[in-house]
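Construct the entire structure; sequences and hints are all you get.
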Amino acid sequence: MKDAELRAEIGEMVNAGFGGAQFFETPGLAHPNDLRPPERFLWGAPHWARRVETALRAARDHDFRIDFQVSSGWPWNSPAVSGRFSALAQQQLVFGHREVTGPSRFSGVPPRPGDVDPRAARPVAAVAARLQAPAVLDAKHTMDLTPTLDGQGRVHWTVPEGRWVVFGFWQVPTGQQSNDSTRPNDPLVLDQLNPDATRAATADLDQRLLNHLGPLAAEVADRFHEDSLEFQFTGLLWTGRFLEEFRARRGYDLTGFLPALAVVGWHSDDLEATQQVYDFSGCVGRRIRHDYNETLTELWVDHHVRPARAWARGHGLDFQGRGHMLTMDVVAVNKAYAAPDADPFDGPVGFTRTLTSGGRLAGHEIASLEIGDITHGDYMITPEALKYLADKGFVGGANELVLHGYPYKTAHGAGWPSWWPWSSEYDLAGREFGFGEGFTPALPLWRHLRPLTDYFARAQTVLRAGCPVTDIAIYRDVQGYGRVDDPRTDERGDPLLNAALAGSGYSFDIVDPGSLTHEDTAVRDGRLVVRAPGYAALVVELDASKHQGVVDCSDAMSAAVARRLVTFARDGLPIVFVGRFPDRGVSYRDAQREDVLVRDAVAHLRRSPRVRLVRDEAGVPAALEQLGVRPDMSFDRPQQVYGVHRRTRTGDYWFLCNTSAAFDETIRLVGGATARFTASFAVGDRAPDLWDLWTGEVRPLGRFRVGDGRIAVPVELAPGESTVIGFERPVGRHIESTTAEAVVVRGHELRLRSTRSGAVTARLDDGRTVTVDFGTLPAPLEPEHWSLHVDGALPSGRERHTLRLERLADWRTLPRLRATSGTGTYRTTVTLDEHWTGRGRGAYLELGRVEGGVQVRVNGRRVHPAGVAPVRIDVGAFLRPGRNAIEVEVATTLKNRLTALAEEGVPGYSRFLKRPVRTQPYGLLGPVRLVPYAEHGVEG
Numbered sequence: 003m004k005d006a007e008l009r010a011e012i013g014e015m016v017n018a019g020f021g022g023a024q025f026f027e028t029p030g031l032a033h034p035n036d037l038r039p040p041e042r043f044l045w046g047a048p049h050w051a052r053r054v055e056t057a058l059r060a061a062r063d064h065d066f067r068i069d070f071q072v073s074s075g076w077p078w079n080s081p082a083v084s085g086r087f088s089a090l091a092q093q094q095l096v097f098g099h100r101e102v103t104g105p106s107r108f109s110g111v112p113p114r115p116g117d118v119d120p121r122a123a124r125p126v127a128a129v130a131a132r133l134q135a136p137a138v139l140d141a142k143h144t145m146d147l148t149p150t151l152d153g154q155g156r157v158h159w160t161v162p163e164g165r166w167v168v169f170g171f172w173q174v175p176t177g178q179q180s181n182d183s184t185r186p187n188d189p190l191v192l193d194q195l196n197p198d199a200t201r202a203a204t205a206d207l208d209q210r211l212l213n214h215l216g217p218l219a220a221e222v223a224d225r226f227h228e229d230s231l232e233f234q235f236t237g238l239l240w241t242g243r244f245l246e247e248f249r250a251r252r253g254y255d256l257t258g259f260l261p262a263l264a265v266v267g268w269h270s271d272d273l274e275a276t277q278q279v280y281d282f283s284g285c286v287g288r289r290i291r292h293d294y295n296e297t298l299t300e301l302w303v304d305h306h307v308r309p310a311r312a313w314a315r316g317h318g319l320d321f322q323g324r325g326h327m328l329t330m331d332v333v334a335v336n337k338a339y340a341a342p343d344a345d346p347f348d349g350p351v352g353f354t355r356t357l358t359s360g361g362r363l364a365g366h367e368i369a370s371l372e373i374g375d376i377t378h379g380d381y382m383i384t385p386e387a388l389k390y391l392a393d394k395g396f397v398g399g400a401n402e403l404v405l406h407g408y409p410y411k412t413a414h415g416a417g418w419p420s421w422w423p424w425s426s427e428y429d430l431a432g433r434e435f436g437f438g439e440g441f442t443p444a445l446p447l448w449r450h451l452r453p454l455t456d457y458f459a460r461a462q463t464v465l466r467a468g469c470p471v472t473d474i475a476i477y478r479d480v481q482g483y484g485r486v487d488d489p490r491t492d493e494r495g496d497p498l499l500n501a502a503l504a505g506s507g508y509s510f511d512i513v514d515p516g517s518l519t520h521e522d523t524a525v526r527d528g529r530l531v532v533r534a535p536g537y538a539a540l541v542v543e544l545d546a547s548k549h550q551g552v553v554d555c556s557d558a559m560s561a562a563v564a565r566r567l568v569t570f571a572r573d574g575l576p577i578v579f580v581g582r583f584p585d586r587g588v589s590y591r592d593a594q595r596e597d598v599l600v601r602d603a604v605a606h607l608r609r610s611p612r613v614r615l616v617r618d619e620a621g622v623p624a625a626l627e628q629l630g631v632r633p634d635m636s637f638d639r640p641q642q643v644y645g646v647h648r649r650t651r652t653g654d655y656w657f658l659c660n661t662s663a664a665f666d667e668t669i670r671l672v673g674g675a676t677a678r679f680t681a682s683f684a685v686g687d688r689a690p691d692l693w694d695l696w697t698g699e700v701r702p703l704g705r706f707r708v709g710d711g712r713i714a715v716p717v718e719l720a721p722g723e724s725t726v727i728g729f730e731r732p733v734g735r736h737i738e739s740t741t742a743e744a745v746v747v748r749g750h751e752l753r754l755r756s757t758r759s760g761a762v763t764a765r766l767d768d769g770r771t772v773t774v775d776f777g778t779l780p781a782p783l784e785p786e787h788w789s790l791h792v793d794g795a796l797p798s799g800r801e802r803h804t805l806r807l808e809r810l811a812d813w814r815t816l817p818r819l820r821a822t823s824g825t826g827t828y829r830t831t832v833t834l835d836e837h838w839t840g841r842g843r844g845a846y847l848e849l850g851r852v853e854g855g856v857q858v859r860v861n862g863r864r865v866h867p868a869g870v871a872p873v874r875i876d877v878g879a880f881l882r883p884g885r886n887a888i889e890v891e892v893a894t895t896l897k898n899r900l901t902a903l904a905e906e907g908v909p910g911y912s913r914f915l916k917r918p919v920r921t922q923p924y925g926l927l928g929p930v931r932l933v934p935y936a937e938h939g940v941e942g
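Quick note on the numbering used here: the sequence shown kicks off at 3 and runs consecutively.
FYI, nobody ran anything at the bench for these hints, they're computed from the structure.
Keep in mind that a hint or two might mislead.
Below, in silico cross-link-like pairs of lysine to aspartate or glutamate (EDC-like), each with a Cα-Cα straight-line distance of 16 Å or less [as the list claims (entries may be wrong)]: (1) Lys411 to Glu7; (2) Lys411 to Glu14; (3) Lys142 to Asp152; (4) Lys916 to Glu667; (5) Lys916 to Glu906; (6) Lys142 to Asp592; (7) Lys411 to Asp5.
Simulated DEER-style distance windows between Cβ atoms [claimed, not checked]: (8) Arg165 to Glu246: 26 to 36 Å; (9) Arg165 to Glu521: 40 to 50 Å; (10) Arg308 to Gln134: 35 to 45 Å; (11) Arg608 to Arg107: 47 to 57 Å; (12) Val279 to Glu163: 23 to 33 Å.
No residue lacks a Cβ here, since even glycine has one placed at the ideal position from N, Cα and C.
Structure below.
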């Protein structure tokens with residue numbers, strides 16, 4: 003890396019509208035034949051530290067923020083836990099097993115898995131359990147054989163009558179390195195359950211970087227970042243003192259019940275890989291695994307997150323992490339980090355909502371979201387796709403976006419358009435699948451990125467203003483996110499309850515057991531207050547409290563939570579149970595007593611007038627209505643629209659998104675349905691305004707109804723479309739209903755607008771009804787002839803094409819453009835008379851289908867900054883009598899050009915022939931229409 007290039011690239015990011023970046027070092031994904039000395043490109047080397055200093059100083063000059071990864075790649079790895087310090091590296095619990103029949107004699111080393119190196123294995127326990135049935139164990143007949151081990155580590159045991167399984171449990175290093183690792187001596191992942199490992203890794207960062215650059219880092223950076231917990235080992239996450247910690251925290255000895263943890267692949271990032279080999283009969287195993295998970299969560303927070311945050315704060319920063327891949331209480335973990343960090347790929351809104359809930363419960367201002375990391379998406383991601391991913395994240399509770407990513411321009415052996423570690427010819431670290439987008443100025447769509455980053459910045463500003471206001475708390479004992487084959491989730495793994503609530507306008511957070519049992523949590527003025535302003539009701543969904551068939555609390559709740567629910571209901575909180583009440587506790591410790599306490603609490607809840615039981619998710623909104631709980635934003639009919647609500651001292655604001663669209667294989671938005679509905683907002687007598695995140699304009703809405711302390715506003719959102727509606731100003735004159743297409747407010751004047759000829763009526767807020775006759779409007783106009791000038795992107799230089807088009811078409815169907823990526827400028831002219839441009843006349847421009855980033859000019863003036871084609875653009879103010887020039891600029895991805903280079907056999911591009919999709923649609927496809935409208939004041 004070179005100083006001048008680093009400074010230039012930070013300047014490019016600033017000019018494109020970004021406010022900061024995360025340093026993400028991936029030296030393991032460099033060229034495999036790079037023979038330069040390792041200190042020239044390895045993380046933590048002096049050369050690296052000097053380049054970090056250069057970047058920090060350049061960022062300070064631009065008032066640009068740079069946050070740090072805590073290590074190269076992910077998960078957190080460190081030289082301080084490698085080599086002679088490897089005792090601090092990540093550990094796992096593995097097991098071997100052998101079935102025996104008694105009476106007999108067993109002598110030998112406790113069974114080990116066949117792939118375990120005996121030299122690296124440390125015995126944890128030897129346990130025997132009687133078989134009741136194939137793979138089913140009797141919890142009343144287990145024996146801890148560990149005391150029988152002799153000096154050679156052999157068990158000597160007289161087997162009682164019956165069939166038994168002898169287990170050997172061993173602690174072994176996972177051997178996991180960073181997921182970008184390609185060298186055998188690369189650092190190991192640390193043992194995040196051991197505080198000594200976290201302290202060693204942070205001390206190493208001090209020595210390599212912060213002892214020299216600490217004050218500069220505090221001036222420029224905000225947070226250290228721990229990336230994804232993607233693990234490939236097949237054992238259980240473990241640490242040397244796990245049994246002692248378990249006994250102290252759960253109150254019983256786990257040793258004799260370790261067979262309940264006879265699970266393979268539980269912590270693997272492959273959700274389909276989990277296999278329960280043996281288990282105790284009944285719910286014993288489920289209780290023990292829940293206790294294991296609870297201990298794992300506490301150790302992760304106490305021994306890793308809190309020490310790391312204390313260290314970061316000592317440097318004037320903080321520490322955030324991505325705690326969702328591991329099987330633990332993801333809400334509790336995200337409460338502990340300084341900021342939740344979601345990485346949903348193209349996942350459901352509920353995924354993001356679950357993770358960000360932890361941050362809101364803890365009172366954190368920021369909830370971060372990574373977007374753009376779509377598998378097989380290298381050089382395919384459009385502004386439309388980015389915006390939809392961001393908008394789904396925003397309604398999921400995020401308010402900080404991180405794009406994946408901006409690559410350093412050059413690397414040894416890298417070709418055009420730049421080095422991008424997740425799109426490599428060299429199958430580095432087993433990654434040939436193409437991942438995410440390398441956003442650099444080499445991309446044609448880079449020229450359209452600034453309007454999009456301005457949109458994102460305005461959205462983030464709105465979503466950080468004031469405080470969040472959320473209607474419903476959903477109780478789920480969420481032990482990991484990503485459940486397999488669950489009938490109560492949709493095809494993406496999102497609980498059906500989420501859609502049932504959002505479809506009626508309810509916003510929601512997920513609350514963990516610890517939040518409900520915290521001593522400060524209480525019902526005040528009928529609301530459940532974890533953090534002000536609290537929640538209007540609690541919905542309990544036990545069926546969502548399971549994970550991969552290993553943890554299952556779908557019939558269970560801790561006695562501590564159940565008893566708090568009784569108190570909450572007594573104090574007036576509405577509570578709705580979905581499907582069932584709990585029938586047992588969650589822990590193995592004193593299980594019978596906990597079951598009695600839970601059933602006693604349920605008996606009280608059943609008698610409470612503030613509690614309802616509904617058969618399924620669809621019945622929850624009606625039950626909430628019966629209990630007097632209306633959402634702050636309600637719909638007149640169910641919609642696939644999610645919303646988030648913020649409140650400041652001056653007003654209330656809702657961000658809404660129609661989430662019905664999906665991506666097809668070319669990463670195009672497809673499907674879904676336009677949402678047309680009336681949204682009713684509980685804001686008293688404040689009038690609605692439309693906040694345009696593309697322009698920053700706030701436009702008053704002139705059509706709404708006032709009643710019962712609510713404002714009813716008609717809303718229309720196309721699939722994937724979003725909007726912000728704010729309420730600050732007092733209600734003034736307005737129109738309650740109209741047959742006109744739109745109401746426009748100009749100063750203090752209300753005006754009706756229509757694209758249809760003839761008369762319309764409007765009912766005013768004072769009860770009067772007025773009629774306006776718009777006369778005859780001309781028919782919509784569809785331009786017939788277009789010129790197209792294309793600046794094509796090439797590895798060296800540019801190619802230029804000029805075409806005359808009789809009809810609009812996908813570039814792939816035009817022989818001269820079949821292999822072209824770049825920027826296309828479409829031009830046409832239309833001649834308009836006074837029926838289009840006279841007083842009270844104008845027109846909308848409908849672009850139809852656009853494949854690429856877009857900018858529109860009429861008569862040489864940009865009509866709107868939106869980089870994603872709106873359904874309609876009001877161009878009335880830009881039209882004039884006579885000839886009018888319309889210009890539509892479309893910027894594409896690089897996908898089609900890169901595939902063409904691969905098909906031509908150009909070295910360095912063959913990977914694009916392996917992708918499931920080789921090309922994308924490009925261009926302005928239309929139909930393009932100019933639709934006239936007439937506008938008239940209601941008093942005229």
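Comparing the hints with the structure gives:
Proximity of Lys411 to Glu7 is assessed by CA-CA distance (about 8 Å); at most 16 Å being required, the pair is judged to hold. Pair hint Lys411 plus Glu14 holds up; C-alpha atoms about 12 Å apart against a cutoff of 16 Å. Our distance criterion of 16 Å between C-alpha atoms is broken by Lys142 and Asp152, whose separation comes to about 26 Å. For a cut-off of 16 Å, the pair hint linking Lys916 to Glu667 stands: about 14 Å separates their Cα positions.
Of the supplied pair hints, the one linking Lys916 and Glu906 holds, its CA atoms being roughly 14 Å apart against a limit of 16 Å. Our distance criterion of 16 Å between C-alpha atoms is met by Lys142 and Asp592, whose separation comes to about 14 Å. Restraint check for Lys411 and Asp5: the C-alpha separation of about 12 Å stays at or below 16 Å, so the hint holds. Hint check: Arg165 to Glu246, Cβ distance near 32 Å, so the stated range 26 to 36 Å holds.
Separation of Arg165 from Glu521 is about 49 Å and conforms to the stated range, judged on CB atoms against 40 to 50 Å. For Arg308 paired with Gln134, a C-beta distance near 42 Å keeps the hint of 35 to 45 Å intact. With their beta carbons about 55 Å apart, Arg608 and Arg107 fall inside the hinted range of 47 to 57 Å. The beta-carbon spacing between Val279 and Glu163, approximately 24 Å, falls within the hinted interval of 23 to 33 Å.
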